[in-house]
Amino acid sequence: MSITSKSYFSSLNILFYAMAGGQAIFLMVAFYLRSQGEMGPEDEDLGQLFLIVAAVLLASTQLASRFLIGKRLEAIRKLGLKSKMNQYRGVFILRLALLEGPALFCIVAYLVTGNFWLMLCAIGMLILFLTYYPSYNKVVNELELNANERHQVNNPEAVIADTNIEN
Numbered sequence: 000m001s002i003t004s005k006s007y008f009s010s011l012n013i014l015f016y017a018m019a020g021g022q023a024i025f026l027m028v029a030f031y032l033r034s035q036g037e038m039g040p041e042d043e044d045l046g047q048l049f050l051i052v053a054a055v056l057l058a059s060t061q062l063a064s065r066f067l068i069g070k071r072l073e074a075i076r077k078l079g080l081k082s083k084m085n086q087y088r089g090v091f092i093l094r095l096a097l098l099e100g101p102a103l104f105c106i107v108a109y110l111v112t113g114n115f116w117l118m119l120c121a122i123g124m125l126i127l128f129l130t131y132y133p134s135y136n137k138v139v140n141e142l143e144l145n146a147n148e149r150h151q152v153n154n155p156e157a158v159i160a161d162t163n164i165e166n
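Just so you know, we're using numbering that gives the first Met the number 0 here: the sequence shown kicks off at 0 and counts up by one.
Derived from the structure by calculation, the hints contain no laboratory data.
Glycine included, every Cβ here is placed at the ideal spot set by N, Cα and C.
Among the hints, erroneous ones may be present.
What the hints assert, rightly or not - So the derived label-pair ranges between C-beta atoms look like this:
1. ALA157 / ARG71: 22 to 28 Å
2. LEU103 / THR3: 30 to 36 Å
3. GLY79 / VAL28: 41 to 47 Å
4. LEU127 / THR162: 28 to 34 Å
5. THR3 / PRO40: 50 to 56 Å
6. TYR131 / SER6: 19 to 25 Å
7. TYR135 / MET27: 28 to 34 Å
8. GLN47 / GLU73: 37 to 43 Å
Based on the provided sequences and hints, a complete structural model is requested.
Okay, here's the thing in structure tokens:
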């Protein structure tokens, strides 16, 4: 099945907003539960340990993201437009997952320990997550599309991908 530029970016946006919204809603529920005293007393020692784990987790996933995403984008840039766009979707999902994981860890750790710094870390990671909004320009720049490919991607009715699974 052919996918137009408009539907391609719509699906990326839906995925992006669903993942961002899930984090935001979970964070608000966690804050509400902690503020109502529903989760028991704060555990400062465990909170400090989780803060260290969160920092290590964030640093390691960011390094992994830069390495993995960089390598995958390098390989994708050599393909034709449809293949680029099909594979970019997977890269985009991987990037979001690597950003979402540490944020969810911080939210759960905040919920368990009540350490306010963990909630601030989760908010910071959500803000970082929001910087990866899938715009036309970001995709064009990351994939280093040529003028013809850019023209196709900017045309909402142009077929730029398909639903066939590639190896």
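Results for each hint:
1. ALA157 / ARG71: 22 to 28 Å: 24 Å, holds
2. LEU103 / THR3: 30 to 36 Å: 33 Å, holds
3. GLY79 / VAL28: 41 to 47 Å: 44 Å, holds
4. LEU127 / THR162: 28 to 34 Å: 30 Å, holds
5. THR3 / PRO40: 50 to 56 Å: Roughly 54 Å apart at Cβ, these two residues keep to the hinted range, so it holds.
6. TYR131 / SER6: 19 to 25 Å: 20 Å Cβ-Cβ, so the 19 to 25 Å window holds.
7. TYR135 / MET27: 28 to 34 Å: 31 Å, holds
8. GLN47 / GLU73: 37 to 43 Å: At roughly 39 Å between Cβ atoms, GLU73 and GLN47 fall inside 37 to 43 Å, so the hint holds.
The earlier numbered hints are all upheld by this structure, with none contradicted.
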